[in-house]
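Engineer: If you read the protein sequences in the order shown, they are chains A and B. For the first sequence, the numbering used here gives the first residue as 1, with consecutive numbering after it. For the second sequence, the numbering used here gives the first residue as 1, with consecutive numbering after it.
These are calculated hints, taken from the structure and not from any lab test. Ideal Cβ placement from N, Cα and C applies to all residues, glycine included. Please note that a few of the clues may not be correct.
[Unchecked claim] Pulled from the structure, derived: some chain A residues nowhere near chain B, Cβ distances all over 10 Å:
1) Asn-61
2) Gly-106
3) Lys-114
[Said to hold, decoys possible] Mimicking DSS-like on lysine-lysine, the simulated pairs with C-alpha atoms at most 27 Å apart in a straight line are:
4) Lys-41/B to Lys-114/A
5) Lys-55/B to Lys-68/A
6) Lys-102/A to Lys-58/A
7) Lys-66/B to Lys-102/A
8) Lys-102/A to Lys-64/B
9) Lys-20/B to Lys-102/A
10) Lys-102/A to Lys-14/B
11) Lys-20/B to Lys-41/B
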Amino acid sequence: AQSVTQLGSHVSVSEGALVLLRCNYSSSVPPYLFWYVQYPNQGLQLLLKYTSAATLVKGINGFEAEFKKSETSFHLTKPSAHMSDAAEYFCAVSEGDTNAGKSTFGDGTTLTVKP
Amino acid sequence: GAVVSQHPSWVICKSGTSVKIECRSLDFQATTMFWYRQFPKQSLMLMATSNEGSKATYEQGVEKDKFLINHASLTLSTLTVTSAHPEDSSFYICSARERETQYFGPGTRLLVL
Chain A
1 AQSVTQLGSH VSVSEGALVL LRCNYSSSVP PYLFWYVQYP NQGLQLLLKY
51 TSAATLVKGI NGFEAEFKKS ETSFHLTKPS AHMSDAAEYF CAVSEGDTNA
101 GKSTFGDGTT LTVKP
Chain B
1 GAVVSQHPSW VICKSGTSVK IECRSLDFQA TTMFWYRQFP KQSLMLMATS
51 NEGSKATYEQ GVEKDKFLIN HASLTLSTLT VTSAHPEDSS FYICSARERE
101 TQYFGPGTRL LVL
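Pulled out of the complex, with its shape left as it was, chain A reads as follows (with noise of 0.2 Å):
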């Protein structure tokens, strides 16, 4: 089984800061983790994954997250915040090959950026 908590349905920060977004997992096999960003009336666009790798991944838009796996978490950062980066950011896992690479998703932290 296979599960995600997002910690915080919604961020605030102001342009120019840092930004954080945090992820929880847990799963019964080693993970696969994602974090995908939504803007409005779309689908979701893939930031980065974490696939047993280095457990620190680079993304798309400047964003990166770390894999800790005693804490069991998968935090999102960005170190410095645009305007374009407010959005609806999702983390999920999914358990690989196990039961046809369905994915979790978390409930999501919707992310606004303050001028």
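Based on these hints, arrange chain B on the given structure of chain A.
Structural biologist: Same frame as chain A, now just chain B:
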């Protein structure tokens, strides 16, 4: 990167009619595709897993006779909402799996009047 398309992006229909939504993987082959439903301000709810050449696997509580899924080729899966009712109005999103990653379509907004 991998690209997934959906068609149509918007559809408005009368209650009782059926609506077909297409999901295509444009630059890769996908033996597995997924169909999700998303309500406003909520996360994605997995409806079914679509497997090429075999029957779809539906999640608990999803009516297989109402939401017909066909995955006839490695690049196309279709979702047909049969006898649609206003409560079926929602945002439907598909994804296609390439190795360990799901790539998502842009979504289809369905409004049933």
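Engineer: Run every hint past the structure and note whether it holds.
Structural biologist: So, going through the hints one by one against the coordinates:
Remark: the non-interface label on Asn-61/A is consistent with the geometry, its nearest Cβ contact in chain B lying 13 Å away (cut-off 10 Å). A Cβ of chain B approaches the Cβ of Gly-106/A within 10 Å, the least distance being about 7 Å, so the stated non-interface status is violated. The non-interface label for Lys-114/A is consistent with chain B: the shortest C-beta to C-beta separation is roughly 20 Å, beyond 10 Å. Note on Lys-41/B and Lys-114/A: the hinted pairing holds, with a Cα-Cα distance of about 20 Å set against a maximum of 27 Å.
Taking the CA atoms of Lys-55/B and Lys-68/A, the gap is near 38 Å; set against the 27 Å cutoff, the hint is violated. At roughly 23 Å between alpha-carbon atoms, Lys-102/A and Lys-58/A fall within 27 Å of each other, so this suggested pair holds. In summary, the hint linking Lys-66/B to Lys-102/A is supported, as the alpha carbons are separated by about 22 Å, within the 27 Å threshold. Distance hint between Lys-102/A and Lys-64/B is fulfilled; the C-alpha atoms sit about 18 Å from each other, no more than 27 Å.
Restraint check for Lys-20/B and Lys-102/A: the C-alpha separation of about 23 Å stays at or below 27 Å, so the hint holds. Only pairs whose Cα atoms come within 27 Å are accepted, and Lys-102/A paired with Lys-14/B is rejected, the gap being roughly 33 Å. For a cut-off of 27 Å, the pair hint linking Lys-20/B to Lys-41/B stands: about 25 Å separates their Cα positions.
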